[in-house]
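Top line first, the protein sequences correspond to chains A and B.
Counting from 1, position 20 in the first sequence corresponds to residue 20 in our numbering; the numbering is continuous, with no gaps.
To convert, count from 1 in the second sequence and add 112; that's our numbering.
Hints listed in this document are in silico derivations from the structure and should not be mistaken for laboratory results.
Fair warning: there could be bad hints in the mix.
List time: in silico SDA-like cross-link candidates among lysine to any residue, alpha-carbon distance up to 25 Å [what the hints assert, rightly or not]:
hint	chain 1	residue 1	chain 2	residue 2
1	A	LYS95	B	THR165
2	B	LYS213	B	PRO162
3	A	LYS9	A	SER67
4	A	LYS57	B	LYS213
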Amino acid sequence: DGGITQSPKYLFRKEGQNVTLSCEQNLNHDAMYWYRQDPGQGLRLIYYSQIVNDFQKGDIAEGYSVSREKKESFPLTVTSAQKNPTAFYLCASSKQSNQPQHFGDGTRLSIL
Amino acid sequence: GIQVEQSPPDLILQEGANSTLRCNFSDSVNNLQWFHQNPWGQLINLFYIPSGTKQNGRLSATTVATERYSLLYISSSQTTDSGVYFCAFESNSGYALNFGKGTSLLVTP
Chain A
1 DGGITQSPKY LFRKEGQNVT LSCEQNLNHD AMYWYRQDPG QGLRLIYYSQ
51 IVNDFQKGDI AEGYSVSREK KESFPLTVTS AQKNPTAFYL CASSKQSNQP
101 QHFGDGTRLS IL
Chain B
113 GIQVEQSPPD LILQEGANST LRCNFSDSVN NLQWFHQNPW GQLINLFYIP
163 SGTKQNGRLS ATTVATERYS LLYISSSQTT DSGVYFCAFE SNSGYALNFG
213 KGTSLLVTP
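Given these sequences and hints, build the entire structure.
Pasting the structure below:
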């Protein structure tokens with residue numbers, strides 16, 4: 001079945017540690033996105049990518065990094081510079097940047 | 113930036129009841145979408161509705177772009193409808209979605 005797979009579902013980070021969240025899609029979509037959701041809030045954009053080897057910062061990119069080496073994959077690294085990383089992270093993709101977005105099941109990141 | 117207000121913020125319904133959720137915008141928006149986030153966090157795209165009316169089973173949505181609002185109708189609600197409903201619109205760059213704060217719905221048996 002086509003879809004978006006995020007892993008892991010739950011992730012714990014120690015102080016000063018970088019962690020990487022995986023996002024893979026087999027929908028042949030060009031555009032991919034990372035959002036952060038805090039409790040009781042809507043989603044906020046971290047990074048987006050319209051095409052392979054290209055990505056742009058969103059509203060809250062500080063402390064995060066991404067890569068887009070393959071069309072299917074858009075991993076997000078939460079660096080030690082992100083001082084408040086505890087949140088629910090959602091990855092999405094769309095055929096093109098102005099098409100409906102489809103979401104993965106998310107990764108919950110917590111600090112140890 | 114464009115402000116989006118969702119109402120009501122919280123809603124409790126008895127199974128079988130109908131409801132209307134609303135999204136108001138401070139300015140014209142592009143390509144409005146409605147999402148349902150279930151209690152496990154999964155986010156499902158319900159409607160892609162820049163204008164007009166669409167229906168999908170017990171759900172329907174209407175967007176009146178000229179008056180800067182969109183409505184989501186839920187008829188004969190079921191407990192599985194519980195969760196948070198978000199409206200979202202594309203930013204002017206067209207590259208990402210801006211989300212409202214959501215309406216939290218609880219449907220009781």
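Going through the hints against the structure:
1. A:LYS95 <-> B:THR165: Cα-Cα ~23 Å, so holds.
2. B:LYS213 <-> B:PRO162: Holds, at about 19 Å.
3. A:LYS9 <-> A:SER67: The hint holds at about 20 Å.
4. A:LYS57 <-> B:LYS213: It holds: about 22 Å lies between the C-alpha atoms, which stays within 25 Å.
Of the hints listed earlier, there is not a single one the structure fails to meet.
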